[in-house]
Every structure is written in structure tokens, then in C-alpha cells.
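My request is simple: use the sequences and hints to build the entire structure.
Number of protein chains: 2
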Amino acid sequence: MPEMFQVLPPVEALKVLFDQLSPNVMTENVDTAEALDRVLIEKLTAPSSLPSFPRSTMDGYAVRAKDTFGATESLPAYLNVIGEVPMGRGFELEVGLAQAAIVYTGGMIPPGADAVVMVERTQKLDAKNIEVLRAVAPGENVIEVGEDVKEGEPLFDSGHILRPQDLGGLMALGITKVTVAARPRVAIVSTGDEVVPPEQTPGLGQVRDVNTYTIAGLAARSGGIPQQKGIIRDDYDCLFSATREALDTADVLVVSAGSSVSTRDLTADVVNNLGKPGVVVHGVAVRPGKPTVLGVCNGKPVIGLPGNPVSAMVVAGLFLVPLLWRLQGLVKPPARQRVTAILAHNIASVTGREDFVQVRLVERESELRAEPIFGKSNLIYTLVKSEGMVCVPLDSNGLHKGERVEVELF
Amino acid sequence: MPEMFQVLPPVEALKVLFDQLSPNVMTENVDTAEALDRVLIEKLTAPSSLPSFPRSTMDGYAVRAKDTFGATESLPAYLNVIGEVPMGRGFELEVGLAQAAIVYTGGMIPPGADAVVMVERTQKLDAKNIEVLRAVAPGENVIEVGEDVKEGEPLFDSGHILRPQDLGGLMALGITKVTVAARPRVAIVSTGDEVVPPEQTPGLGQVRDVNTYTIAGLAARSGGIPQQKGIIRDDYDCLFSATREALDTADVLVVSAGSSVSTRDLTADVVNNLGKPGVVVHGVAVRPGKPTVLGVCNGKPVIGLPGNPVSAMVVAGLFLVPLLWRLQGLVKPPARQRVTAILAHNIASVTGREDFVQVRLVERESELRAEPIFGKSNLIYTLVKSEGMVCVPLDSNGLHKGERVEVELF
Chain G
0 MPEMFQVLPP
10 VEALKVLFDQ
20 LSPNVMTENV
30 DTAEALDRVL
40 IEKLTAPSSL
50 PSFPRSTMDG
60 YAVRAKDTFG
70 ATESLPAYLN
80 VIGEVPMGRG
90 FELEVGLAQA
100 AIVYTGGMIP
110 PGADAVVMVE
120 RTQKLDAKNI
130 EVLRAVAPGE
140 NVIEVGEDVK
150 EGEPLFDSGH
160 ILRPQDLGGL
170 MALGITKVTV
180 AARPRVAIVS
190 TGDEVVPPEQ
200 TPGLGQVRDV
210 NTYTIAGLAA
220 RSGGIPQQKG
230 IIRDDYDCLF
240 SATREALDTA
250 DVLVVSAGSS
260 VSTRDLTADV
270 VNNLGKPGVV
280 VHGVAVRPGK
290 PTVLGVCNGK
300 PVIGLPGNPV
310 SAMVVAGLFL
320 VPLLWRLQGL
330 VKPPARQRVT
340 AILAHNIASV
350 TGREDFVQVR
360 LVERESELRA
370 EPIFGKSNLI
380 YTLVKSEGMV
390 CVPLDSNGLH
400 KGERVEVELF
Chain U
0 MPEMFQVLPP
10 VEALKVLFDQ
20 LSPNVMTENV
30 DTAEALDRVL
40 IEKLTAPSSL
50 PSFPRSTMDG
60 YAVRAKDTFG
70 ATESLPAYLN
80 VIGEVPMGRG
90 FELEVGLAQA
100 AIVYTGGMIP
110 PGADAVVMVE
120 RTQKLDAKNI
130 EVLRAVAPGE
140 NVIEVGEDVK
150 EGEPLFDSGH
160 ILRPQDLGGL
170 MALGITKVTV
180 AARPRVAIVS
190 TGDEVVPPEQ
200 TPGLGQVRDV
210 NTYTIAGLAA
220 RSGGIPQQKG
230 IIRDDYDCLF
240 SATREALDTA
250 DVLVVSAGSS
260 VSTRDLTADV
270 VNNLGKPGVV
280 VHGVAVRPGK
290 PTVLGVCNGK
300 PVIGLPGNPV
310 SAMVVAGLFL
320 VPLLWRLQGL
330 VKPPARQRVT
340 AILAHNIASV
350 TGREDFVQVR
360 LVERESELRA
370 EPIFGKSNLI
380 YTLVKSEGMV
390 CVPLDSNGLH
400 KGERVEVELF
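Those protein sequence lines, which keep their order, are chains G and U. Residue numbering for the first sequence follows numbering that gives the first Met the number 0, beginning at 0 and increasing consecutively. Residue numbering for the second sequence follows numbering that gives the first Met the number 0, beginning at 0 and increasing consecutively.
Take these hints with a grain of salt, some might be off.
Each pair may be met inside one copy or between any two copies, as identical chains are not told apart.
[Stated by the list, open to error] Below 25 angstroms or equal to it, Euclidean Cα-Cα: the simulated SDA-like pairs (lysine to any residue) are:
#1 Lys228 with Pro321
#2 Lys384 with Arg325
#3 Lys375 with Leu203
#4 Lys299 with Val6
These aren't lab readings, by the way, just hints derived from the structure by calculation.
Put into C-alpha cells, the structure is as follows:
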């Protein structure tokens, strides 16, 4: 007989789990060059101004702007060229009255000068003299000290996921090391007397392990480090010792449960004995995925997934993904990619439960249509053939053909 | 004096580059478990049917459906229980007339049976006999052989990027190795007499290297393996020998050019001498990023980026990203994440050029607004402070405040 589930909506179930976890984030100090897509766990301000010297944005002549005032093609300003500012070095001379110095894009504006005349707006008279054919304003074609970022200016908040341009911005200021969230190690244990490793040819009644690989993929995409712990028999002692050992060297334990009611109870029993408080949620108002187990054992979160491939993916998306981001210091996981589409068929549901339905996306008459792929939640290929999922919310009893729906891509 | 650019629109420039490349894709054979986010370069069909035996989707009794026809709570069908189908094994007996066998979710349906009665719809009379309280139809609560996928059915086309569920689907069929595109090795050379490594304190007139890191990040996100080749002086011989060496062990060469006109010519000269045909595009109708160099040297693509951080990112996004996907067998790169937003200010442009403007996204009165961040393209922090880019198309002379625009996130 099935046990009575105390079934919580997914959002509430997640809250119950999070409430049992320490708010502390495990961190590590890494090279900025290696920190792409990591979550920054420090608040950074600019240690110095950028640029640290005024720079030219053009190839041309650094001048005192007022020496060019009124200059035109017919009435040019005459300037004396005192030298060339070499790239990557300073300049010993000061640009004085009616003087100019050759500068290149990115080069330093020498003392005395406050603007740059583009080379195209000048005419060379001889090696030492030029005509300026158009006036420049003070600051024209110049990047001022601190124009990019000023010393002490806030750069990043804690919880920022580092993008390619952020690495560049940090390097520009000489911040070559950063404190980021440690990547959570996710131990994945598959159970089931019928489950065999993929490289083995299944005998009669046997199936190959699927969930270890789908869950590892999801964990990796959420910043986790998957640890594949193999397949454990549906036996309390075996499962208990395998999961206890797995938790020792992991930050999160995922048990892909056997799919029958008896083996579901096994996961809950094991979680209750692995550490305190044990199971905190047993059963979630979601389909597929109702027989989900959420637990915490001595500070480490444990997720018991239903054995069906589709249920396992849906539940891992609802709980493992936000959990991994939360362990990396993010209150809200990064938004998954979504598109809006027209629903091609009705989806029936019942209120009081979130339903997740896989859909294929089809472009028809320049309109994106979401075609539900109905199929038993045991079928891995309904996931393979779909491009995303549609959620029927808790308070809805279904979605109608022709409705605009949000499709979360995966 | 600046050279005359033969300026092509970005799409055409990319086509010129692609036309010079071999259509062949370099591949490697990898473990499916390690193939997340890799591009599959083979067409796969199912080597066998899945499941390979009929499975129960419920805990209950495997029966001959017709033996239950007409059964109700008041007039149940009486069946004789001949045994239990163990998980992961076959069953030696055949279910005959008025017989039943205990089955668990995921277990095998024994010979003779064609449906499963849920345990909740039965009543136990004694160890060997049950009452069935509701009829089942043939096939009810059963996954038929091949219901997930049939032997010979197409699974994936070449060019598919492998997702977590795809790995699971492959493993389910015992496909533990796959042929995927090799990850292109991207050698990144920074040039500039003013550029110093980030760990060094810049002297007067010097700046730290930024582009090596932003480009490495972009390359990694596009499936490439960045190889950081350091900073090379603005000198033909130095650049030539450094890039020739870099190309030897890379599939793509990116030169982040010095920003002055003279050093831009340097990149083009070097590319023309590294191999045939050399430079194929010099100058692109894009802002920022006009002085882009695209070349092919003995079959290997070379991209000469403008030195400014923003220009370098824009140009790498337009050319390096699709190039890397193309080298991995994708004609079209995967869609970048986009959102629609209301433009908060006018953006001026000119026709005949694509303009890319960084924007910050701000939620105001439940409406997403895109606020352009105007700034010289030399400023890395305009990229850091923005969440995406808006493109002003080739044939437009600007976008208006209040317009709905597509923002490509980065």
C-alpha cells in the first residue's frame, strides 16, 4: 500500500530544504583567468583608476585645445611638433603654446596637452611644423584618468557570475585572483536491482542506467562537480553504506531511487539514518515527480529522485539546480533560456499540482508552436525529442490549445 | 594616412571567410559520459528497441486483461497469484487463465500477461488469491517493447549539441562512445608596445592586457580551447614568428591588434605572409570594429581584432563565435539568449553600417527597459556594466526611444 504523502508545492518544499541549510558559502581563491562562469563571493572595488593616465583615442597630435580655436581649412593654426610620444612610455617634454606632439591611439597625452587633433585634420608643412585645419575642444579625443573606472568605485557585488568581459575588467585593474564559490561536489547514486551499467548488455528484465548521466549533466551545467557513484542494489545496508561513504567526500547527495513504492521507502529510511534531521520533505505536488524525498544529513543536503528518467529530470530541475546555485551563494538561480510559443494542443491538469509537459518547438507560418510530447514518464526519449518544458501552474486545471505559453528550454 | 578599407557588411564578410575554409570537421571519439555540450558528428539510429521487454508502470499484478473484464467492487474478478516477478530478472512461468503475477514498477511483464492491475485496485484474499476490483484494458499500465524508441529509429542528426537528457538517451541504448567535433584550439596573441601582463604594475603609458582574457572567455563558451600566447611587441618580425609558432599548434589564430593605424597594417602584413590566401577581408561595416582583418593561412582561419576592448568583443562575437561553431560542424551558431525590452534613449546610427550598443536592463513598472551605455569603445567597463547589446541594423539610421528592441544577453 502506498504511504500517505504530505505533499508540498515545489516552492514551499524548496524553502523547507533551504531553511535547514547553513547560509555560509564555501569559497576558494582562484586565478581570475580561470574564473569564467564562477560565482564571485566578494565585493570588489577598483584599487586604482582606469586609465591611470590620459590616453588618446586617435592617431594624431596632442595639443592645447585653445591653440586650435578658430582654425579652419582656409585659416589653419600653425603648430610646432616637439616630438613623438612612444607607445607604452611617458614623454619628458611639456606641450607648450603653439606646440604639438605626435600621439597614437591608446598612447599617453603628454603634460600640457588637453586634446588630440586627428591626423586627418592636419597638414604637414615640414618635419617640425603642421597646420591644424579644424579646432578641437578641451578633452576631445582623450580618455581622461578614471573615465573607465575610478579608484574606489564599486565593481562587482558578491553573487555575480563572471562573464568574459568581467575577467577582462578585473585583469585591467590587476585583480588576478578572486574569491569565488567552491563548486559543489554532487555524489550521484543510482539504485535498482534491475539497473545495469550502460556498457553492459542488459539481461531479461534489466535496463541500463540513465539517471546517473542526465543528473550529472544537469549538475555540471549548474556549476557542480558530478561524482558518479555507480549502481547500488535495492537493499538497506548496501544503500546505507554506499550513501554514507559518498556523503563523506561530497557536498550534495543525489539518490536516484528505485521506482517501486517499496524502494522509495528505502531512500527515505536511509536518509533518516544518515544524519540529522534526515527527511524534511517527502512528496511534492508536481507531476511527474510526486515521490520526491528532500533531506538534510548533518548539514549536507540530500535529494531522493524518483527513478523514472523524466521524473528524475523534472525534479532535479526543480530542486537540484536551485540548490547548487544556492550553495554557490545565489538566492535565485540564473534564469533559464525561455521562449514564448503558441500551444498546439490542450494540456489537462488538476489544480493543486504543478505539471511539467515536454514540448517540441516547431516554426509554422513564422509562428513558434509548442507541441506537447505526451508519453509515460518512464520514457527517456520524450525528453530527447523535446526542446523544452511547459509548466501548468499549481492553480490551473490545464492549458488550452492556442494559448501563449512560456517554454523553458533545455 | 589611413588606408582605404574595402568595407563589407558583417554577414558578407563572414561568408567570404567561410568560403575559404574546408567543409570538413575534425572529429574525435569520446566517452558519452564526457560528451556534454559537444557537437555530435555522426547520425545515430537505435541499435535496439527500448525497452527490450514489456515493463510495468505500476506496482500491482500482471494479468490477462480479458480476465478482468466486467470486474467491479461489488462483482470482483478472482485471480490466482502464481508468483512474483523479481526486479531485474525474467520469470519462468506463464500467466494463464484467471492467473496473476506480482510485478513492481519497472519490472518485466511475464509471458501470457498483457496488462497490470494497480495494487490499489485489488484486495488480497489469502497468500495465493486476490480480487480485482476494476477491469483493465490490454496494454494498460504497460510499456510495450520499443515504446520508448524502436530498433533502427533515427536518434540524432549530425550537428546536434548533446544535452544532459541526450547523454541519458544514448546510455539507455548502450551507446557509450560518440564521435563529436574536436574542440578548436584558439591561439590568442595580444600585441601592443603599451600592453603589459595583468600581474605587472603598468608604468607610465602602459596598460594591462584585457583582450586575451575576454577573447579566451568567449572562445571557451563557444566550444573552443583558448591558448593564451602572451603579449607581442609591435614589430613585424616578432609578430610574424610568434603567430607562425602559434598557428602550428592551433586551429584558429586571433590577433588582438595594436589600436593605431600603423599596427593595424602590421597584422594584415603578417597574415598575408603566414600562408595562402592571407587576408580575405580588411574592414567591416560595423561599429565598433571597422578595422577588422579576416584571413586564412594554409587552411587555418585568422582573425585580426581591433585593440579596443569593446571593439574586440563585438568583432569576436560577430566572427570568432560563428567560426568556432562552424569548425564544430554547425552552419548556424546556437541562438544566444535574448530578451525584448523598451529602448530608454534614442540611438543614432548611419545606414550602411551595423552598430552595436551596450545596454543595461532595468525593470521599471513591470516593464523591461534597455538603457544604452554610451561610452568610448576603449572602455572595458561599459561592457562590464551592461547586460547585453542592441544591434542597429545595416539599413537603419538609428533606433528611437520607446521602441521594442531585441537585446542579446552576454
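Looking back at the hints listed earlier, which ones does the structure fail to meet? Every hint satisfied by this model.
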